[in-house]
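Student: Per our numbering, the sequence shown starts with residue 228, numbered consecutively.
Treat the hints with caution; some may be incorrect.
Claimed, not checked - No more than 20 Å apart at the CA atoms, straight line, and that leaves these computed lysine to any residue pairs for SDA-like:
#1 242 to 253
#2 274 to 250
#3 242 to 281
#4 260 to 248
#5 274 to 293
#6 274 to 251
If you're looking for bench data, these hints aren't it; they were derived computationally from the structure.
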Amino acid sequence: MFHDDEDLKNETVEKSELLFNQLLLEIRFLLNKDMQVLNDEDIHKVKSLLYAGIEKIGFKIERFASIQRLLRELFAIIAMAKDARNCEKNVGFQIVKDLEERYTAELCDLSLPPEDVSS
Numbered sequence: 228m229f230h231d232d233e234d235l236k237n238e239t240v241e242k243s244e245l246l247f248n249q250l251l252l253e254i255r256f257l258l259n260k261d262m263q264v265l266n267d268e269d270i271h272k273v274k275s276l277l278y279a280g281i282e283k284i285g286f287k288i289e290r291f292a293s294i295q296r297l298l299r300e301l302f303a304i305i306a307m308a309k310d311a312r313n314c315e316k317n318v319g320f321q322i323v324k325d326l327e328e329r330y331t332a333e334l335c336d337l338s339l340p341p342e343d344v345s346s
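Full structure from sequences and hints, please.
Tutor: Structure (structure tokens):
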């Protein structure tokens with residue numbers, strides 16, 4: 228069975244939400260326990276989940292920062308479009324290609340509103 232990109236994205240979001248909700252439940256469970264009877268295994272499990280979450284968010288932040296840099300470069304190229312040389316246009320094309328190949332999923336997350344084309 229084949230999934231289209233939207234189905235795959237929705238499935239990934241649902242899994243992430245489930246994992247996040249599970250993490251919060253584990254933390255709540257741990258915090259509700261008497262601190263004197265905490266099990267080292269339970270503490271380790273929650274710490275591992277928290278660390279994984281911290282790392283995943285850090286990775287996302289780095290990827291979004293990369294996207295932001297590329298979009299700023301495109302902005303500069305487009306801002307001077309009338310005066311742009313061929314080499315600058317080629318850089319712009321390469322940036323677009325990089326965005327398409329490497330960052331499509333993250334760009335979809337940005338959910339930029341569609342432009343009103345009726346005017």
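Student: Confirm or reject each hint.
Tutor: We went through each hint and held it up to the structure:
| no. | hint | result |
| --- | --- | --- |
| 1 | 242 to 253 | holds, 16 Å |
| 2 | 274 to 250 | holds, 10 Å |
| 3 | 242 to 281 | holds, 17 Å |
| 4 | 260 to 248 | holds, 19 Å |
| 5 | 274 to 293 | violated, 29 Å |
| 6 | 274 to 251 | holds, 12 Å |
Against the hints set out earlier in the document, a violation occurs for number 5 only.
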